[in-house]
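These protein sequences, in sequence, are chains H and W. All residue numbers in the first sequence are consecutive under my numbering, ending with 388. All residue numbers in the second sequence are consecutive under my numbering, ending with 162.
Certain hints may be false.
Said to hold, decoys possible - If you want a taste of the chain W side facing chain H, the calculated C-beta under 8 Å gives, among others:
#: 1; residue: Leu-4
#: 2; residue: Thr-7
#: 3; residue: Asp-47
Hints are computed from structural coordinates only; laboratory data are not their basis. From the three backbone atoms N, C-alpha and C, an ideal C-beta is built for every residue, glycine too.
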Amino acid sequence: MSLGQLFLEIGAVILALAFVGRAAGRLGITPIPLYLLTGIVLGAVMRLGDAPGEFIHVGAEIGAVLLLFTLGLEYTSQELRDNLRANRQVGLLDLALNFTPGVVAGVVLGFPPLGAVLLGGVTYLTSSGIASKVLSDLGRLGNRETPVVLAVCVLEDVAMAVYLPVVAALLIGGTMAAVGVNLVVALDAFALAFFLALRYGHVLSRVVNVRNNETLLLSVFGLVLVVAGVADLLRVSAAIGAFLVGIALSGEVADRTRGLIEPLRDLFAAVFFVFFGLQLDLGTVPGVLLPAVLLAVITSVTKFVTGWWGAARAGVQTRGRFRAGATLIPRGEFSILIAGLGLGLVPTLGPLAAVYVLLTAILGPLLARFDGQLAPLLDRRLREARTG
Amino acid sequence: MVKLEETQLPGVGVRHDFDGRFGKRVGVITHRDGRREIFVARRDDPDACAQSIVLSDEEAEAVADLLGGSTITRHMNTLTQDIEGLAMDWVPLAEGTPFAGRPLGETQMRTRTGTSIVAVMRSGQAIPAPGPEFGLEAGDTVVVVGTPGGVVRAARLLGGEG
Numbered sequence: 001m002s003l004g005q006l007f008l009e010i011g012a013v014i015l016a017l018a019f020v021g022r023a024a025g026r027l028g029i030t031p032i033p034l035y036l037l038t039g040i041v042l043g044a045v046m047r048l049g050d051a052p053g054e055f056i057h058v059g060a061e062i063g064a065v066l067l068l069f070t071l072g073l074e075y076t077s078q079e080l081r082d083n084l085r086a087n088r089q090v091g092l093l094d095l096a097l098n099f100t101p102g103v104v105a106g107v108v109l110g111f112p113p114l115g116a117v118l119l120g121g122v123t124y125l126t127s128s129g130i131a132s133k134v135l136s137d138l139g140r141l142g143n144r145e146t147p148v149v150l151a152v153c154v155l156e157d158v159a160m161a162v163y164l165p166v167v168a169a170l171l172i173g174g175t176m177a178a179v180g181v182n183l184v185v186a187l188d189a190f191a192l193a194f195f196l197a198l199r200y201g202h203v204l205s206r207v208v209n210v211r212n213n214e215t216l217l218l219s220v221f222g223l224v225l226v227v228a229g230v231a232d233l234l235r236v237s238a239a240i241g242a243f244l245v246g247i248a249l250s251g252e253v254a255d256r257t258r259g260l261i262e263p264l265r266d267l268f269a270a271v272f273f274v275f276f277g278l279q280l281d282l283g284t285v286p287g288v289l290l291p292a293v294l295l296a297v298i299t300s301v302t303k304f305v306t307g308w309w310g311a312a313r314a315g316v317q318t319r320g321r322f323r324a325g326a327t328l329i330p331r332g333e334f335s336i337l338i339a340g341l342g343l344g345l346v347p348t349l350g351p352l353a354a355v356y357v358l359l360t361a362i363l364g365p366l367l368a369r370f371d372g373q374l375a376p377l378l379d380r381r382l383r384e385a386r387t388g
Numbered sequence: 001m002v003k004l005e006e007t008q009l010p011g012v013g014v015r016h017d018f019d020g021r022f023g024k025r026v027g028v029i030t031h032r033d034g035r036r037e038i039f040v041a042r043r044d045d046p047d048a049c050a051q052s053i054v055l056s057d058e059e060a061e062a063v064a065d066l067l068g069g070s071t072i073t074r075h076m077n078t079l080t081q082d083i084e085g086l087a088m089d090w091v092p093l094a095e096g097t098p099f100a101g102r103p104l105g106e107t108q109m110r111t112r113t114g115t116s117i118v119a120v121m122r123s124g125q126a127i128p129a130p131g132p133e134f135g136l137e138a139g140d141t142v143v144v145v146g147t148p149g150g151v152v153r154a155a156r157l158l159g160g161e162g
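Let the hints inform the model, and build the full structure from the sequences given.
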């Protein structure tokens, strides 16, 4: 294939993304579900050649790595520790209410046990990207319920950091003994790396912190890929390696890196969603539609309850509780990431997760927007239920 | 004193807010990248922001200037305009002042700096024309009038440097 044709096809895909991104901006919703849809549509109408397909595949992997890296970069180790201490009750309720429906659904749908655990991860993780976008777009960062929403996201991200290496080890499979060894190695490697990142992160931060922006970008991007590569070779998830590099970087270097790497992440993350959509076979969607809708309804309620309860504990009134619940509903990037891990294991996991993410990612922000109209209705219902 | 509440917003920054005297919660969010966001809560829904304004680093400084020192500087300006060669200052008595618990006369303000203490502000109340036996306390604010140089000397003296 000629270079010209390669550019043409990749360019067309990226332009299509720009177009739906604009549409999303106009509608005031996040573009993530639209990127997925674009991928699905492109996969149905257009046959990409091998070379663009290859490029998009690698780009998607880089996107996953950068998503986790910037996630790690977001949090300082102090914030992680404080949050674990202050909000563990909400965190546990969140885990119990939102992980369980996925696992149960997986069992009901006849998934293998590991597939059910993956589906649990899909339904558990709120999209911190969508949630924080909703909060800042609607000017709600100063709201009283906002710290609760953010705390839930942080705790989920911590849980994700433990969950991913375990799942990655289990996915390699083999005999019981081999799985056990993989699991122990993965957890130990993760624990060691996590400890080192928390303990000696500042040393790394100082070494990496060069004055020149270009050199900083290259150092960090290179470091992230190298660590992700090593992690992958050690059969720990590449994304987890990147997450740990993000945790380790702190202070000034983290602030500068965030600004530099964000455009790169946005580009590759968009490619990641398209790739996921491209892989979907439209023919499989009708088969998963009903379970996806049911699962979306159930886990929207459970997420809503989580946020409601957390906000109530913080002394927030009905409207704020409603907003906290609604803001936590959308699932997004990490649900897709987890579903992507299990594609080989359970082929229906992909389309199920895609439809599920589409539904929750649209429903959550919509509900969050209309708190003023909807919360009083709910309030009246609750009062009636209590008195009657 | 306004009672400020501090809340960490993981991934965003820090929020400081207080319940304003006129029934609205007011706060400032300091974003990680240095942007400041000022907000006021809604009256009907005190958990939510009615309005928030994002300011850059420099804009925030300008607004702080506008809100902060302005009353005093404006007073100063009008005063010095009205009477040439006369200055007035509000000097807070910090914890370390040597005059805490001592009568005002012991400062010997007029002889040592050529200025007069015309009033003392204590817990929001003004005590005009205090006599020499008036007992000073840390936390008071002393209103000093005199030549511009004398006022500076008085501030130094009350701070324990003179």
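Close enough to count: is the Cβ of Asp-47/W nearer than 8 Å to one in chain H?
3 Å, holds
For the hint on Thr-7/W, just tell me whether its beta-carbon gets within less than 8 Å of chain H.
Given a least distance of 5 Å, the restraint on Thr-7/W holds.
Using Cβ atoms only, decide whether Leu-4/W comes closer than 8 Å to chain H, and label the hint accordingly.
14 Å, violated
Going through the hint list in order, the structure does not satisfy hint 1, though it satisfies all others.
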